[in-house]
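> Chains as they are written, first to last, in the working numbering: chain A, 1 to 252; chain B, 253 to 857; chain C, 858 to 1365.
Among these hints, one or two may not hold up.
[As the list claims (entries may be wrong)] With the Cβ distance kept under 7 Å, some of the chain B side facing chain C (calculated, not the full set):
no. : residue
1   : Arg277
2   : Asn279
3   : Thr287
4   : Leu289
5   : Ser831
[Said to hold, decoys possible] From chain A, some residues computed to sit far from chain C (all C-beta separations above 12 Å):
no. : residue
6   : Ala64
7   : Ile84
8   : Glu140
9   : Met183
10  : Glu207
11  : Ile226
12  : Ile251
[Unchecked claim] Mimicking DSBU-like on lysine-lysine, the simulated pairs with C-alpha atoms at most 30 Å apart in a straight line are:
no. : chain 1 : residue 1 : chain 2 : residue 2
13  : B       : Lys847    : A       : Lys119
14  : A       : Lys67     : C       : Lys1155
15  : B       : Lys499    : A       : Lys119
16  : B       : Lys847    : C       : Lys1155
17  : B       : Lys552    : A       : Lys122
18  : A       : Lys130    : B       : Lys609
19  : C       : Lys871    : B       : Lys366
20  : B       : Lys366    : A       : Lys130
21  : C       : Lys871    : A       : Lys119
22  : C       : Lys1274   : B       : Lys366
23  : B       : Lys610    : A       : Lys128
24  : B       : Lys499    : A       : Lys128
25  : A       : Lys122    : B       : Lys499
26  : B       : Lys278    : A       : Lys130
27  : C       : Lys1155   : B       : Lys278
28  : A       : Lys119    : A       : Lys144
29  : A       : Lys128    : B       : Lys552
30  : A       : Lys144    : A       : Lys122
31  : B       : Lys843    : B       : Lys366
32  : B       : Lys366    : A       : Lys86
33  : B       : Lys847    : A       : Lys144
34  : C       : Lys1274   : B       : Lys278
35  : A       : Lys86     : B       : Lys587
36  : B       : Lys552    : C       : Lys981
37  : B       : Lys610    : A       : Lys86
38  : C       : Lys1262   : B       : Lys843
39  : A       : Lys144    : B       : Lys366
40  : A       : Lys122    : B       : Lys610
Bear in mind the hints are in silico, worked out from the structure with no lab data behind them. All of these numbers come straight from a predicted model, not from anything done at the bench. Built from N, CA and C at the ideal position, the CB exists for glycine as well.
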Amino acid sequence: MSAETAHTTRPDMIVCENVDKWFGDFQALKGVTATIAEQEVVVVLGPSGSGKSTWIRCINRLEAHEKGTIVVDGVELTNDLRNIEKIRSEVGMVFQQFNLFPHITVLDNVTLAPKWVRKMPKAEAENKAKELLEMVGIPEQASKYPGQLSGGQQQRVAIARALAMEPRIMLFDEPTSALDPEMIKEVLDVMRDLALGGMTMMVVTHEMGFAREVADRIFFLESGEIVEEGTPEHFFTNPTEDRTKLFLSQIL
Amino acid sequence: MNEPATIKVESRPKEPSRTPREWIRKNLFSNTPNTILTFIFGAISIYAIRELLGFILSGERRWGAVATNMRLLMAQGYPANQFVRVWFTLGCLMALSGLSLATWRASGRLSLGKISTWTMNLGGGLALFAILAPISWASRLGWIIAAALFLLVGLSMWFGLRDSEKRFSGSVPTVWFTYGFLGVLVLSLWTVPYGHYAFVDGELIAETGRTVAMSTKLPFTVMWLILVGSYLIGTQVRQWIPIGRTKAVLIGLWFLSPFVLNWIVLRDPDFDYAHIASTDIPLALMFAIGGGLVLYLLSKPDLGEIGRIVAIIFLIFAIFNWVAAFFGWYPMLQKVRISFVLLALAALVAPNFAADKKTRLRFVASWIGLIAVSHWLITAINSPSTLKLQGPTYLGGFSLTLFVAVLTLLLSFPLGVLLALGRTSTMPIARVLSTAYIESIRGVPLITILFFFSNILPLFLPEGMEIAELAAIVTGYTLFSAAYLAENVRGGLQSVMRGQYEAADAIGLTTSQRTGFIVIPQALRVSIPPLVGQAIGVFKETSLVAIVGAFDLLRIAAYVVPSQTEFLGVKREGLLLISVIYFIVAFSMSKYSQKLEERVGLGER
Amino acid sequence: MIQETPPQNYHHQKPPFYRDAIVVKWLFQLGALALVVFSLWFLASQARDNLAARDISTGFDFLSVDPGINLSEGIDTRPATGGRALWVGMVNTIRLATAGILAATILGLLVGLARLSNNWVVNKLGSVFVETLRNIPLLVQIILYGAILANLGDLSYDSGWDNWVIWSNKGLSIPRVFIADGFYQWAIFMLIGSVAARWAYKSRQRQHDETGRDTYPWIASLGVLGAFAVIGWFIHPIFGWVGGIFGAIGDGISKIPEEVLQAALSIIAVLLAGNWIRNFLRSRRTPGGSAQLTDDDKFRVIFSGVSAGLVIVVVYVVWPGLSSWMINSSSDLFGVLDDKFGNGRSGGPFGADRPEVIKTGMFEKYGPSGLTMSIGFAAVFFGVVFYTAAFIAEIVRGGILAVPKGQIEAANSLGMKRSAALRTVILPQALRVMMPPLGNQYLNLTKNTSLAIAVGFSDLVQVGQTVGNQTGKNLSVFAIWMLFYLACSLTISVVVNFFNVRLRIVER
Ligand SMILES: Nc1ncnc2c1ncn2[C@@H]1O[C@H](COP(=O)(O)OP(=O)(O)OP(=O)(O)O)[C@@H](O)[C@H]1O
Ligand SMILES: [Mg+2]
């Protein structure tokens, strides 16, 4: 499997084995096999429609895969309600479109899940939320509504909301694609801090700078298959596959 | 963004001020066809107004019929010596309204320009009336003077403000304007005599000499004082108590008020205290304590799906109790059956409160509160009324109309939301069932449903189970309006983005939490305007209960009054009057919903 | 936390059923279904017992028994059977609804345009009309109109206006245009005519596209239609043979044995379910050939199979009379068509007449020549028309205001004439917005005619209520009401949908 396994000493966090996923008669994932260790940061690249979103959405079961095995933090993803519950509360996810809840304040957005899923007392949840908002750099916006924030601020709230559940894994699906250029940096900074803090992260992004700098490993997906995987140096300097070269030549 | 309403009003481009001459030219005589239209339709309007006034003021009209039957129209045969209950009810509603107005700051401000326009319009209307009405010249003069007065006030306000910005920016709070207006109405009771009829000792007695004002001017003044006073209190309360808590309490009170006011205040149940002490209180205690213990255990953290399984077993048991009741397998108090259903539902939501001790205890406390209130209400509903009634029901006339409308709306709301959720859910059977229900109900007229429930429903019920006429009607009406409500809510549900569901799933909310915290609040926000429209419809269509025999406003005006010996066949007067009553309520609701629509700004926030 | 656990360990880990998301989902639904079915079954059995206890028989046999009632008006005021009585009620309802829809549309359109007018008087009149009429309950209006009409003067020879419009407390009478004997054959002509007109429209349009000349396709097609109408007026009896065809079809249908239809229905159900399942499975099949049916999918397949089985059970066991009823009623239908289209129906397709007052014995009454509306009819008619027109006016106004201003400006900037812009740009877009709510209003109007019971007009609900009270068959009557109104709703939705689709094509 993976050629360079610098992380074998750490336990596996996400194990995908021969994962297949169909939408009707369209196969979006074809035998995806990968292992991601604790504290590892992987970036998933690939052309549009290659199945990047589908893959990471399978990992917290927003989509159900049809064949193969996905094991997240020792829990296999099946129809078992208990497992789904467990994984949802251990895997945080950040969406391209932020998907903040527009009808409640920023603070409520962040405290909702801790209060109702983790059953945290209100005061504790709010303190934690304020800490997190501080960490993502917007402590003063707590009582505003999401619609009153800029895109970059919204995305940082979304990260805080996901972190409030104290996840062991964070998934990012193109977190900066809906942002204006000047806001991209503030979100990427937060993500970089998170990675340095030792979070296990799986990131779909088109920010090559981020990938090169922060990623431990890069997966290149095309037509639902992992075409190439490797460290950033390997990937950006001497990729082996032609399709990867083509992709890089288009994007760089 | 915070207050879109005010922004909207102020950012409207000011109309370029035109002289009256320019205005008339532009709006009435801009070109030949326009001029012709003006003349034709002006003539038609003048003719119509004259005819209408002629009809209203004609000597053949017997307005005494409605004036003397005011009490019948409002409260039907409610015993006169118990009227203090009616006033108490109205007082509670006034107090709640005043507090709510202050808490929600529901109303905006009226610009001075608008007020002066209204005054001028009123003056103009009066002048038109004075000129067109077929009345004597002497009385015409009086009206003309009144009109001139209003016109003068309005004009001087308008032109007095001409050069100051005040005409548009100067304003008074709408609430105070409304209170002043109501105050004037109440004051008029002290001077203008309206006649009335009364039921005394079971007989209809004409008291044409006396005025309604003699018996109602004091109470109405008190009502006005309560309204204004509670508003003032509300504005103070804002500063001492967190606004969220006040809102929660008020919503709870509003929800409880129809039940408490109707069944306990108005109906005055004759509690059997011996029975209450021997059965009701022990029962309630049993459920409060036993149920509380069970819920405390069920909300233990890490109980996992055992909790859910227990809750499902409870639910099956609770439903089974009703089945058994229908077959008569074993006896059980109705109250106990209802309590078991409540317990099962509470058990279903228990996992949501599985946290620290404090949360769990609070959950148990609200359970005890629920049991206390529901047992109290059920006992009251089951006790006979102490009222000595002449009519078939203690409610009648406008009060019945309002009661049916409010109860129907309250009851059909949860059902409608459930149906809408069913229709939009991913579960095929649930979708098919709700769609079939909604579409078949929407396909048939309300009147057939009402007939079904008042004539045919008794056939479906097991022997010995009776359902009072009014209950049958409200049940039918509720089931009917729920289908329409569901369609309105469905529109809102469909406007909730997919991403919201996914985000809720991703942070680990359960399906019911996702629905309750994320989906429904957003959906309802969008569907508020159509829901208000629906509420207006429900209010208007309560008139149909008259056909199936309930003594609502319409039935009294169209059938009861014309059959009194003094007023045999006097029908049009009463119908016109109730048209005005219906119009005022429906029109103000629709205006309010338009305001709301502007304020919600659809799609924002 | 796991230490290098190979994923193979996780295979074949089926959760217990109460934790399996799919199983729980379907169990919940089946539970709900069972609850509904059980309640229905339970209520039905209660009703049967209660009816038996009260010595009332259920069923529809009252349809062929004399109910002994008189109806206030309709095609038959002394119906010989319950079925006939209900049929009269249905005809009255349809009459009222059709006339109401026509009048409300026209009035609503006018009022809606008035509300858009620049003329202050017209504009305000429109607003007053809308705000007043839609905020007063329809039933109150109907009873009020009834009371006003009932207070008109007595009928005499000089009531009303010169034998054009006559009004009195016996009702209103206006000139009448009626369908005469030859109408149905003439309708065939018009059917052919509309096909021809369509062809003319298309070919003119093509000419316009090719040459760029103004070819007035609308005028051409209307001309063709007019020509057919005129020619058909005189020679329509040549289509008398069509009736014979309908008669033959009716005879053929009545000869179909019941068993054949039963079998056919079952086969259709099975075929439909089978087809659905096949398509479903095919959509799940992949080039890879692996069948990845989820549990959810399996449940779906099973469910559709069971539904087909249910149809068969209904056809053979629950309601064995269904097929014979279908055979009888459709052969009856063709019998009626045979009569309408048959030979020997000469005379023009339409006739027209003015109202008149005649005197029989002591009393004046309306003669048969005018279109006479009883007080009841008129009260309901004006009620539903005014009420619905107020709503339609708002729809019209909203629809036209919904067309973005830029559209009109764009049309103007292209140098289009005002009328051309209205026809090709504004109306199609406005109509598209207006159509669905308009259809809703038509549905409401039809359902609202049921309020006729308040003024004693013999619509279906009023007749049904009388018949039901007379025979105790309220339950059966309710079923008939339900079916009738559902059929009306369906018809109107189909028609509205048809126009909706057409409009979308126009727009494209
Ligand atoms: N719900 C769905 N139903 C059907 N097809 C889908 C669905 N979601 C995704 N697909 C298809 O699956 C394929 C993979 O989609 P996916 O969103 O994973 O691509 P992606 O790599 O994230 O692309 P992008 O960079 O544009 O976001 C696409 O061809 C898409 O059309
Ligand atoms: Mg994507």
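> Among the hints numbered above, which are violated by the structure, and what are their numbers in rising order?
When the structure is compared with the hints, numbers 1, 3, 6, 7, 13, 16, 19, 20, 22, 26, 27, 32, 35, 36, 39 turn out to be violated.
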